[in-house]
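Once you've looked at the hints, dock chain U against the given chain C.
Number of protein chains: 2
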Amino acid sequence: RAAAMAGWARAVRGLLLDVSGVLYDGGADGGVPIAGSAEAVRRIKASGLKLRFCTNETQATRENFVRKLRAMGFDISVAEVTAPAPAACRILRERGLRPHLLVHDDLVPEFAEIDKTNPNCVVLGDAAENFTYANLNEAFRVLIGMEKPVLLSLGRGRYYKETDGLKLDVGAYMKALEYACDVQAEVVGKPAKRFFESALVEMGVPPEQAIMIGDDIVNDVGGAQRCGMRALQVRTGKYRPSDENHPDVKPDAYVNNLAEAVDIILQQL
Amino acid sequence: RAAAMAGWARAVRGLLLDVSGVLYDGGADGGVPIAGSAEAVRRIKASGLKLRFCTNETQATRENFVRKLRAMGFDISVAEVTAPAPAACRILRERGLRPHLLVHDDLVPEFAEIDKTNPNCVVLGDAAENFTYANLNEAFRVLIGMEKPVLLSLGRGRYYKETDGLKLDVGAYMKALEYACDVQAEVVGKPAKRFFESALVEMGVPPEQAIMIGDDIVNDVGGAQRCGMRALQVRTGKYRPSDENHPDVKPDAYVNNLAEAVDIILQQL
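Chains as they are written, first to last, in this note's numbering: chain C, 3 to 271; chain U, 3 to 271.
Bound-form chain C, shown alone (with noise of 0.2 Å):
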């Protein structure tokens, strides 16, 4: 694996890190952190490379976020992290969109600032429990309303793992109203290419110098890959070994978890 990387990692300058299935992995109970990633934070702190979370988190706003994770004992800030549900204000305001929100209740003050009266667009998010009949038939409604449909998904994620196990995930909500509305969702978050240019822009660094860390093939590596980073695939998390035969992605290197990556990347400079 090193060599694999020898010939680009000495150019790193920044690491975005996922953070669910990379740093820890959730639950109902909160969730448990992955052996060594607390750790492996530190030392990427400590090494003077830049570092940003970029997360399709949408279950907590990014406050709660980073109280449960420091409570796991990682050394992380709010401003510090790239998440959808601030990506999507930044693009409510500047189109002048007025949002009708089918998002988790924990998310809602996210958008505290924004005007929701009279809504002209649909912001879908990971709402769990709030993917009700009647939730799902209301945002439906307000989309078929619209005399041409504005629908912002955060993430576009299929299913993920919980302790109590497989649950459906935003982007087959996005489906479903995608075919009722005949309409295509933007897509705020990872995969998008926007999401990750925001977050390299905010640490700073380009494409070529910034390295992707993150659990899921296509989200994370081929949505970095997209943007001209370098992407590698841990093998925590949501990762299956049939990642490793995808038809269409293909990481810079796999590695077996965060502090493997860590270790591997730190020799490199």
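Do not take every clue at face value.
Repeated chains share a single entry, so a pair holds when one copy, or any two copies, can fit it.
[Claimed, not checked] Taking lysine to aspartate or glutamate pairs in the EDC-like style, the calculated list, with each CA pair at most 20 Å apart, reads:
hint, residue 1, residue 2
1, LYS150, ASP245
2, LYS240, GLU149
3, LYS163, GLU140
4, LYS163, ASP184
5, LYS240, GLU65
6, LYS52, GLU164
7, LYS195, ASP250
8, LYS52, GLU149
9, LYS52, GLU140
10, LYS163, GLU149
11, LYS240, ASP184
12, LYS163, GLU180
13, LYS163, GLU204
14, LYS240, GLU164
Hint data in this document are derived by calculation from the structure and do not stem from the laboratory.
Only chain U this time, still in chain C's reference frame:
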């Protein structure tokens, strides 16, 4: 209109009628008959033309569906109805499939004779209030747990109108599961060719001597035409003026309602 149909309507020997939006308009209150349609059904039967009701209804057993229509004054029997659930049961038996059902409670009795232990496929209908977050996740887990997921969808409608507003139809949920499991559903019901063909066989009339009459430009008109039938669109039910500019489908003629269609067809005989 009569002129437009003159060439081919003389050869007609059988009619396929859609039900919701052609015979009656549905709703939480049970629905109301469309003016002149009960008399039109009687006139078809008196004419000697073969007749079959071809519906994607999956919110009730055929028995209860027919009972409701008879109470509205329609001359209709269970043996005259082609519907997705019995067609699905034939497919399940032929292929040794044991379904996990995500359907309306009132449809479950149609599957009474089918082995549902240790499921090796999912059957999706318009489950309405049964489309809960928990039930969708459960159907998803059954599918994703299969080596080669099999999803049968009873129709693929986008949405329909009830007295209290628009509702997402089974097709939206089909798309959600298709995306999450990376699988293509097999549609049982209109517009599937096999479904129309079974109705024609039951009626004993070849496609070139049959006319489909429906309110759905894609599922009724487009589907029937792909089987070699002529198809009329009524301007009742879910008909919208924009249907007349549909990019792919053009009915053989438009009629204001079923009564007018029957007037014109019987004049040609």
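Checked against the structure, which of the hints given earlier come out wrong?
When the structure is compared with the hints, numbers 5, 6, 8, 9, 13 turn out to be violated.
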